[in-house]
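Spelled out, the chains give:
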Amino acid sequence: MAFPSLVPTSRSFESGDYPVKTFKAQNGKEHRILYGSNRTNMKLSLSYANITDANAELFLDHYDEVQGTFQTFIIGGLEESRGGWKGNKDAIGAGSHGNNYRYEGPPQVAQVRPGISTVTVNLIGVL
Amino acid sequence: MAKVYTGRDGVLQQGGTTLAKVVNFQLSSNLETLETTTLNENIRSYVPGVAGYSGSATLLYYKDDSGIINTTNVLNKLYKTGTDGVSSSDTVELTFRWIDGADNNDIKLTAYITSASIGAATGDIVRAEIAFQGTGALSTVTIS
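Chains as they are written, first to last, in numbering that gives the first Met the number 0: chain A, 0 to 126; chain B, 0 to 143.
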């Protein structure tokens, strides 16, 4: 089962960083060592407001299928999660840097009214 | 036959009994709407949320020939002694009726009285003003 192909109602994206270690010398000068060539640790937060409970269930099912925060998965090929973004699709993705996403935590489901819920999922890009 | 309704056609009942000396009443229904607009859309869209009913009424404080005061069963939902406050049984059955000859156009609901005020002013008739919040579904709707 793939990550649900729904267009979110809000989305926030943090682009992560390259694995850099920073040292500060006694004279105050900063030294940085680059440990890898791939950017990682992207954070993608998707919110799906007022969707049907059937659609909300898709996220719970997918979370269960990937064994919670254990397995990684790809959502980079889906247009829906990036719906509304007019820039380069790679810019808010993780795949172009060799990352896959995994759940950072369980999907949060808030019941709004009978049959309608709001779901928030937080994903993190890992190598 | 064509007809417009006026204040003379309006009746407010509480528990099936017509309240005397009602000056005005108002009943409002409202629907909460839940936005479903997604990031790739330019026009807002909604699904229906929860509907509810509320309103207000003004009554002249009036004692009839048998000594019954018209506002008693409404005001006593809030004006009461003791420390128990308002309980879930302190509801009123209100019927809003517009009379057309032998036909009644009714809206009936169960409500909590959420505010009640009464006062006195020199040269003015004593009035009781109430506001109510409907609870649950309407039990009768014969208005169209």
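If you're looking for bench data, these hints aren't it; they were derived computationally from the structure. Note that the Cβ used here is the ideal one computed from N, Cα and C, for glycine as well. Hints are not guaranteed to be accurate.
[Said to hold, decoys possible] Partner residues aside, some chain B positions facing chain A, computed with beta carbon under 7 Å: (1) Gln12; (2) Gln13; (3) Thr37; (4) Leu38; (5) Val46; (6) Gly48; (7) Val49.
[To be verified] With the C-beta cut set under 8 Å, the calculated list includes, among others, these residues of chain B facing chain A: (8) Asn29; (9) Leu33; (10) Glu34; (11) Thr35; (12) Thr36.
Of all the hints given earlier, name the ones this structure violates by number, lowest first. 1, 2 and 8
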